[in-house]
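J.: From first to last, the protein sequence lines stand for chains A and B.
Here the working numbering is used: position 346 in the first sequence is 346, and no number is missing along the way.
Here the working numbering is used: position 219 in the second sequence is 219, and no number is missing along the way.
If you are wondering where the hints come from, they were derived from the structure by calculation, not from laboratory data.
The beta-carbon is built from N, C-alpha and C at its ideal position, and this holds for glycine as well.
Among the clues, some could well be false.
[What the hints assert, rightly or not] Partner residues aside, some chain B positions facing chain A, computed with beta carbon under 8 Å: (1) Phe4; (2) Ser5; (3) Leu16; (4) Val21; (5) Gly46; (6) Leu92; (7) Gly195; (8) Val210; (9) Arg228; (10) Leu292; (11) Lys308; (12) Gly309; (13) Ser310; (14) Asn320; (15) Ala346.
Protein chains: 2
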Amino acid sequence: MERFSCEVVAVGTELLLGQIVDTNSSWIGEQLALNGVDSYFQTKVGDNPERIKRVLELALDRSDFVIVCGGLGPTQDDLTRDVIAEVMGVELVTDDGLVERISAIFGNRGREMPLNNLRQAQVPIGAEALSVMPGTAPGLKAPIKGKTLYAVPGVPWEMKQMVLEEILPDIRTKAGISSIIRSKTLRTWGDSESGLAEKLGNEIERLDRVGGATIAFLASGIEGLKVRLTVKGDTEPEVEEALNAEAEIVASILGDEVIFSYDDQTIEEVILDLCREKGLTLGIAESLTGGLIGSRLTSVPGASEIFKGSIVAYSTDVKNSILEVPDIPSVSQEAAEAMATGACKALNADVGLAVTGEAGPEPLEEEVGRVWMATSVGGVVKSSTVKWPFDRERIRQFTTITVLNALRLRLEKET
Amino acid sequence: MERFSCEVVAVGTELLLGQIVDTNSSWIGEQLALNGVDSYFQTKVGDNPERIKRVLELALDRSDFVIVCGGLGPTQDDLTRDVIAEVMGVELVTDDGLVERISAIFGNRGREMPLNNLRQAQVPIGAEALSVMPGTAPGLKAPIKGKTLYAVPGVPWEMKQMVLEEILPDIRTKAGISSIIRSKTLRTWGDSESGLAEKLGNEIERLDRVGGATIAFLASGIEGLKVRLTVKGDTEPEVEEALNAEAEIVASILGDEVIFSYDDQTIEEVILDLCREKGLTLGIAESLTGGLIGSRLTSVPGASEIFKGSIVAYSTDVKNSILEVPDIPSVSQEAAEAMATGACKALNADVGLAVTGEAGPEPLEEEVGRVWMATSVGGVVKSSTVKWPFDRERIRQFTTITVLNALRLRLEKET
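The following block holds chain A by itself, in its conformation from the complex (with noise of 0.2 Å):
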């Protein structure tokens, strides 16, 4: 079969000054790969019409399709739009349509547009705005020489839906593209990279023999350590059946302790999926993370009808008047169960965590990276303790992956 390819342009002085590091074009090239198209060639080039035309000239001339990503704003150095023209060799219009749903954007936010927005109402005669419109920035979608070159905003998150729900369907059916190549993603955390891919490494050599799938390791810090199996075939049914399948064998090697989610979610979704299961609810007391456990949690939606609250206890007095920890040392084994305890008692929750530590930089109580960890399920309160040798942000982020493992695996157990 014809193997077709799309090139990924990204625009901004600001990429090349190293100001901002260009993560859109790493993710659009992974969902290209993931959609069996391929990716040849990745440019960043600053906000110049000229050299952005010569960019764009090039990427035409040697790739089928080509996603430009940035300069689409409302600014006068945005000139995506205007290039783009101009390697069309036609005039920029302004689309009616888009004034309107550029305006309504505005309205619901009760705010008047202002004027420099209409630029981005503009559209090489043509080319067409893409439908899918998540920010004030449309995208476009042109053809040039039998080929299509895409615009899309540099902000990630609307970037990500134009290329998902329009750009990629739309090359796939260009392209004819109908073979699939999915992944799946186990979550682990207790074992290294280096452990996992020595406990996989017979099934890595064996999978390198026969081929079908691939397994690749990705050490994601609070998300955990990731084990990516991907496989590609003709039928969503195939591959599913393959990708599970390989998650078996995975999974009967690396044994339910590591693995905490098979389908990529993450250990708060897991924890909280786990309580609404048991009819359990959580409450936290945090020292160290200041909040972070319970900002995780709260990031999952439907996260209220289990977790209560938690109470972040910065300070000794806070810990004593709340939590009613004892006149103890604020790092130490006693603190962490008697926050746990004060934890289900100040919220009125079944299940308790709590963690109290040194994030560093400069010791107060104890080492800096010592760390109590307690869980209090069923009324029974364990806890554990581990001195990380990190920075102040990843020892509050590996605390945070670890006190909640500690619990799923009590959930699992004991509940």
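Given the structure of chain A, go ahead and fit chain B onto it with the hints provided.
T.: Chain B only, in chain A's frame:
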């Protein structure tokens, strides 16, 4: 003065597939800018010799210097050396000095040098190995058609040391550059990007005419809307003076209400500094942000001197019991104000802030995006409301920076 340009090429299929984000090019771009070297293009290309060759030839054609990053390792798919030799039209020969240097490194680590690593001692005739070699992969410096191509490994710490210690000084010498470029970032909140652009329109036009400085905007979510000033000059004092002068002009146009920091500090740092300066402690009551505000504040080292804690009251009974909010709708002006008062009392804090709202996706009491925010300063509670047209995560993020900015304005004016 003549301007010189340097192009960056990153080699690696994993970059195109989005398995690794190309932070190397961004970093090199930043260093080039700080050294007064223009960089107009950055390209990512996969591990394919023919395509790497095309990209390098194009780069040498349109730029004065080229830094190619990656593909210098010991394995078969490390192709950069071979392609450079091909672009130069010469053979690779083994450099005995390099063999000795690489063997010595392995010897020092008490390991035998794998035969593969001999590939890394090969140098195109007419090119030379960089003298800076932090790891086992040598960098290269190749004169091609009156221009210079540098090759560095993709391992960031190896690459960085080579660029800083050898390549940048070499480029500056060859280009006769003595000038420097520096930036200053003002952070703002409360006005849109197009609103700021409109207000600064005349000043941007003036700078376009007279030169000396540039102004760029960068919408950065919870980090605020950044205004970056960039100035080029011959000496550090001269550049610093010009930056400060431009910052004063911008400040006089935008005003202190909008600008919350002049040196790229976060709103959290600004709040903690204000409280520290005025000897005030801070307590928080969060509902829809679920701990995010506390988490942001405690990500700043030293927060514990100011920040007493946060009551994450995600359920009505916690609002009632700990914050003493009366039995009224949770998403309301009265609830937000009672929460701010309750936070000060429960946490024994001088200053309080509170947020409550509907983060969605399903509305519970109010329309999704409706948020009430309150601040308590000197015992006086003030509140405001907004209806965000965003998704859950951005509702939480925009609420966080908005309420912190409201507190900043009150702390600046009222204390």
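J.: Evaluate each hint against the coordinates.
T.: Verification of the hints:
For Phe4 (chain B), the suggested interface contact is broken, since its CB lies about 15 Å from the closest CB of chain A, more than 8 Å. Of the supplied interface hints, the one on Ser5 (chain B) is violated, with its beta-carbon coming no nearer than about 10 Å to a beta-carbon of chain A, more than 8 Å. Contact between Leu16 (chain B) and chain A, as hinted, is supported at the beta carbon level, the nearest pair being about 5 Å apart and thus within 8 Å. A distance limit of 8 Å between C-beta atoms decides the matter here; for Val21 (chain B) the minimum to chain A is near 5 Å, and the interface restraint holds.
Restraint check, Gly46 (chain B) versus chain A: the minimum CB separation of about 6 Å is within 8 Å; hint holds. For Leu92 (chain B), the interface hint is violated, the least distance from its beta-carbon to any beta-carbon of chain A being 25 Å, above 8 Å. Because the beta carbon of Gly195 (chain B) sits about 6 Å from the nearest beta carbon in chain A, less than 8 Å, this interface hint is met. At a threshold of 8 Å, the smallest CB-CB gap from Val210 (chain B) to chain A is about 17 Å, leaving the interface hint violated.
With a least beta-carbon distance of about 7 Å to chain A, the hint placing Arg228 (chain B) at the interface is held under the 8 Å criterion. At a threshold of 8 Å, the smallest CB-CB gap from Leu292 (chain B) to chain A is about 4 Å, leaving the interface hint in force. A least Cβ separation of about 5 Å between Lys308 (chain B) and chain A falls short of the 8 Å threshold, and the interface hint therefore holds. The criterion of a C-beta within 8 Å of any C-beta in chain A is met by Gly309 (chain B), whose closest approach is roughly 4 Å, and the hint holds.
Given hint, Ser310 (chain B) at the interface with chain A, holds; its Cβ is 4 Å from that chain's nearest Cβ, closer than 8 Å. Because the beta carbon of Asn320 (chain B) sits about 11 Å from the nearest beta carbon in chain A, more than 8 Å, this interface hint is broken. Among the interface hints, the one on Ala346 (chain B) holds; its C-beta lies about 6 Å from the nearest C-beta in chain A, closer than the 8 Å criterion.
In summary, the numbered hints that this structure violates are 1, 2, 6, 8, 14.
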